Amino acid sequence: MENKNGKIRIGFYICHCGTNIASMVDVDKVTEYAASLPNVVVSKHYKYMCSDPGQEMIISDIKENNLSRVVVAACSPFLHENTFRNATFQGGLNQFYFQMVNTREQNAWVHLDALATTDKAIDLVRAAIYRVAEHKPLERKKVPIHPDVLVLGGGIAGIQSALTLANAGKKVYLVEREPTIGGHMAMFDKTFPTLDCAACILTPKMSSVKNHPNITLWTYAEVVGLDGYVGNFKAKIKHKPRYIIEDLCVGCMDCVEACVYKEPRFFDEFNQGLSKRKPVYIPFPQATPQIVVIDPETCIHFKSDKCKQTCVTACERNAVDLQQQPSFEEIEVGTVIVATGFQTVDARKVPYYGYGQFPGVYTALEVERLINASGPTQGEVVLRDGSHPKTIGIVHCVGSRDKHTNQWCSRVCCLYSVKLAHLLKEHTDAEIYNFYIDMRTPGKMMEEFYNRIAEEGMKFIRGRVADIYPDREDPQRKRLIVKAEDTLIQEIIKIPVDMVVLSTGLEPRSDAQEVRRMLNIACSSEGFYIERHPKLAPVNTFTDGIFLAGCCQGPKDIPDTVAQAGAAAAEALALIDKGFIEIEPITAFINEEECSGCKSCVPLCPYTAISFLEETKKAVINEALCKGCGTCVAACPSGSILQNLFEDDEIFSEIEGILNFRNIPMEMSNA
Amino acid sequence: MIADIESLRGVTLETLYDTPEGHLIKSCIQCGTCAGTCPHGEYMEYPPRRIIKMMQLGLLDKVFDSDSMLKCVNCYACMSKCPREIHLTEVLLQLIKEQTIMRLPVVPQELQKALENSYRYGNPMGESGRKRINWAQNSEVPIRILSQNSEPVDVLWFVESYPSYHPRGQDTARAIAKIFNKLDIDFAILGNEEKSAGECGMLSWESGLAESLVDYNMAIFTKYKFKRLVTSDPHALDAFKYRYRMFGFKQEVTHVIPFLWQFFDKLKPMLKKKLHYSVTYHDSCCLGRHNGYFEEPREILKAISGIKITEMVHNRTNAICCGGGGGGMWLDTYFKSQNMERLSDIRIKEAIETGAEVLAVACPYELPRFEDALKVAGYDGKMVVKDITELILEAMED
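First to last, the protein sequences are chains A and B. Take 1 as the starting number for the first sequence in the numbering used here and just add one per residue. Take 1 as the starting number for the second sequence in the numbering used here and just add one per residue.
Source of the hints: derived by calculation from the structure; they are not laboratory data. Any given hint might turn out to be false.
Which stretches of chain B does chain A cover? Using the computed rule of at least three CB atoms under 8 angstroms from a CB of chain A, they are [to be verified]:
1) 135-145
2) 312-324
3) 382-396
Straight-line alpha carbon distances no greater than 25 angstroms define the calculated BS3-like cross-link-like pairs of lysine-lysine that follow [as the list claims (entries may be wrong)]:
4) B/272 / B/225
5) B/53 / A/403
6) B/26 / A/403
In this text, all values refer to a predicted model and were calculated from it rather than measured experimentally. By construction, the Cβ of each residue, glycine as well, lies at the ideal position given by its N, Cα and C atoms.
So that you can see chain A by itself, here it is in the shape it has in the complex:
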């Protein structure tokens, strides 16, 4: 047969996918059926079409049988469309002379009746074979990539990504919303499983970021908009007013000293409120950059306008500027790395653990500060009432593995609980109980670490804590009872303790959804940013050019975060060094002769790819921006917008194919 696209000779292949497809779909029958369809010259089945021999079969068949089209029925096009397009190309054809049939995810995996599944495969195959005859040759377009990178978030993930890229000679903008970089890691005392001091390994990296010639560090700033597409993003940055001129401040702290508040009296975020700060402050001694910030929420000047402004006069360099306003700037980058991190669960969400109600109850993050030598007590573990704990209960899974809070396991809490048990023991010599549901210590040297701490004589109780309340035996009611079922000895136990540590889980930041919308990336149902493929594209997002690093993608420990941050940097580098990207040619285009210039399509485009040309009074589509969603194609009243790979001939043939079930020879039909 010959149609307007020339002589059509189709090669059809169905993949067994081991037994994934073949156990539900009768591949012999499908092959036999496909051979009976018009234009089909070759019809074969094979165990693994994606394997080298499978691809080789396509390539040699094209050459030997002079094929002009290829159809493969296998898994999702998401997995192997590119593989088979490539084989088609290797055989000497345009790679878009190919059509894929998903007979695994949308067929074999989701049905229970093998006969019906085979029938469905036959229908889908017929549709593809009818369709592919109408395919036209298409070319991928190349678009250059801007070499600069934007990194969102200055925790260990963002720091690692930024340094990797900067060391490779790329220019990086690192944007951090807090006054300092360092993130959660800067708050930790020591890190599991090696017990090396978090600050000792982190602060050198923080200063490298600050001093690196290729890194532009913006703290107290936020990305408030991102437009464009892979290789050519435009990001809008908001610099929040710090009320300090950053270029002038040297971090001498004279202004802090001079503040009208002689004593610090406001909630110190870095120390989790266990100490106080002034309205003018530097978050912690190693803060990077060493620049003061003024908090308008607590500063008298902003509350009453009646402050003597002693900070202003104290600064010899005139760096204090109480009139500062937010400022905005726009930058161009080619790739983006999202490393916005996590927040710990608010322990009040589990009301029966008494956080905020009983002074003896602490969160793990508070304890990190409490045992830290540069913390609010210089590392001395003193309770809020000034006493030293003799018995401590560590409660695992607070706000994790619980449908009332977060259903996932936060992955790091078992190990950091064990670590805190060790550190608390070291600092207090107290008796320490760990209450756990399951001990989860995967990873290199982690089980060994658990073993080592267990040998130190910690008590482990397998049971989720059910209740925490003041001990009536204690006349002062300060001592707390931790109640749980020890499920191993099958007894309800009530352990009196002086201190409770709640091992709170990790969750997405509360504004993760807004950031997601701004970046046009996706979240999983729990709110963590979703990677393109859980195994094979773990740092990519569904938006090309945007990569993920660290806990914004899901809870993970520091080693994994650093590894992922490196991977994200490598992915960005791979794009930048290639210099261009190829765009899938499924874009829409306008048939200028027929376009009436009604502008209906312009506001409908979700990617702002359509504009109206006043000179010609016609709409034009920017191919680089078009994602091929088809909205404009459907909306155009004159039918003058077409879309590559989805032209009328192609779609109608596919429909005709799927509906043409009478074409099944009677002896083959199960009906």
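Since chain A is already given, all that's left is putting chain B on it; use the hints.
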């Protein structure tokens, strides 16, 4: 709460595993929160966690042969904290309990009597059905009885047995009647036609008895036209809201406190009298944990000027049961024989520690239970137990 209660009618332990509820049960991670939070967990050989494990292994017979589930007071504590949100109290424990009672060599006498009385007289205390209306005689306000005037009515007030017969319960019934009158609520009662709703625990324990009460009350409801059912007993609320649904009851139902909350804007300006009480509020399990009414009773109390609320250590979701639910009302003697401390005695210590003068309650079981517990604690006279409706009425009257 259960998504589809109607579908559970007729479900047995054999068929439970295949229902959506059964799938939840299979998701148990054996964390022991249920056992740890159960007020009687220490006295149970098989608390919920172990029941689920035994069920998995096909060893439930051992569970039925122990008296563990007899000790369940239907307080919903395990269910409200279960990290897998398994509907323990609502589904599994009810079915286990029924089997446990069936296999008991001897049903504790008090309980046996209460069940018999409910069957014979329509109330667990064994009072005459003809005296059910007696409390209304000296109520000082008109109370319409539907058998005498069957005109359609807005609110059918289901008084229930304790407010009908128990002297302190009758005080609250009269208070409610007066409040309804002051709020111009169009209400009526069933009078002597009413029989116990069957309360949450008993329904499952004695499904035969429960069904006879359900059939009886449902038949009475069809005689009259009313818009909504309001009950003065949280246990009856649970019965109507969850159990009667399985038998086709579809009408709107609520308890007096959430009902009054709907009239809060009208009620608040009527609370003119200042009451100089320090109050602590005990959350009823059915009203609080099971139906989520934690703040409504507190907001109503706070609206009374002069009242200062101090919370007990265990409050809201974490409140401790008074021990009266699930048949516990008639098991005090049995529990004592097992050397178990009464839950009302444990709870009253927390109430006393707040230093409050008034213990406010919203469930008719709690008045007698806590008044008795105060006597045991030697605190009689230093603290008084009052139903919230009594406090509302006090603040309304000059």
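Cross-check of the supplied hints:
Residues of the stretch 135-145 of chain B with a Cβ under 8 angstroms from some Cβ of chain A number 0, which does not satisfy the need for three, so the listed coverage is violated. A stretch counts as covered by a chain when three or more of its residues have a beta carbon under 8 angstroms from one of that chain; for the stretch 312-324 of chain B and chain A the count is 5, and the coverage holds. Under a criterion of three residues with beta carbons nearer than 8 angstroms to beta carbons of chain A, the stated coverage of the stretch 382-396 of chain B fails, only 0 such residues being counted. Between the alpha carbons of residue 272 of chain B and residue 225 of chain B the distance comes to roughly 35 angstroms, so the proposed pair goes past 25 angstroms and is violated.
With a CA separation close to 20 angstroms, the supplied pair residue 53 of chain B and residue 403 of chain A stays within the 25 angstroms bound. Distance check on the hinted pair: residue 26 of chain B and residue 403 of chain A sit about 15 angstroms apart at the alpha-carbon level, within 25 angstroms; holds.
Against the hints set out earlier in the document, violations occur for numbers 1, 3, 4.
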